[in-house]
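Chains as they are written, first to last, in the working numbering: chain A, 1 to 114; chain B, 1001 to 1112.
Because the hints were derived from the structure by calculation, they are not lab data. A couple of the hints might just be wrong.
Straight-line alpha carbon distances no greater than 25 Å define the calculated DMTMM-like cross-link-like pairs of lysine to aspartate or glutamate that follow [what the hints assert, rightly or not]:
hint, chain 1, residue 1, chain 2, residue 2
1, B, 1071, A, 59
2, B, 1005, B, 1024
3, A, 57, B, 1031
Example chain A residues on the side facing chain B (calculated, C-beta under 7 Å, incomplete) [claimed, not checked]:
hint, residue
4, 42
5, 43
6, 45
7, 48
8, 50
9, 105
10, 106
11, 108
Even glycine gets a Cβ: it sits at the ideal position worked out from N, Cα and C.
Chain by chain, the residues run as shown.
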Amino acid sequence: NAGVTQTPKFRVLKTGQSMTLLCAQDMNHEYMYWYRQDPGMGLRLIHYSVGEGTTAKGEVPDGYNVSRLKKQNFLLGLESAAPSQTSVYFCASRRDGILGYGYTFGSGTRLTVV
Amino acid sequence: DQQVKQNSPSLSVQEGRISILNCDYTNSMFDYFLWYKKYPAEGPTFLISISSIKDKNEDGRFTVFLNKSAKHLSLHIVPSQPGDSAVYFCAAARWGAQKLVFGQGTRLTINP
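The shape of chain A in the complex, shown without the other chains (with noise of 0.2 Å):
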């Protein structure tokens, strides 16, 4: 099936470590993004591509770097895991055009940083 797919699913970190959260979309979507999902926030984001080779930084990008090197791929970093990053990371792309038809999400990443 179409859409986006988020690699892990679940993933537990010990403080310090480091990880990559990887989101394809098979889309063909110009724009992907980076949210997380915490208690009481809503949806935050983290950062986003406008296309290949582009990011830039949402309302929370501090300890995350992104990379898009393929237009299908949009990775999400964490260099040092950090119990303030426990969270549910959601992956989302759109097409080009207007933003009133939303997005594509993913089925998330739940990270747990202890």
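Using the hints, position chain B against chain A.
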């Protein structure tokens, strides 16, 4: 600065009745408003949207109302069904913007 606010963290409604979810925004430049539905362990899915040139949009049991003067939108679900139990996020964007701004979400529970 929370530009999109959903002030009710939760809402409980009896099956068959109307569910009304509310959302307020502060940025008068927003041109598009969307509602997403999220089940546990799944990503949000697009539900319905409305542009600022309209004040109402319907799709089956779902209707979104926009009151620009009050900077308020609402989602009506009639009749409510058990499968509607989920977290609902409202979102907004300006024309030409590259990203959506989301509210905090409201957990809707439909009781049999």
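Looking at the structure, which of the earlier hints fail to hold?
-> none
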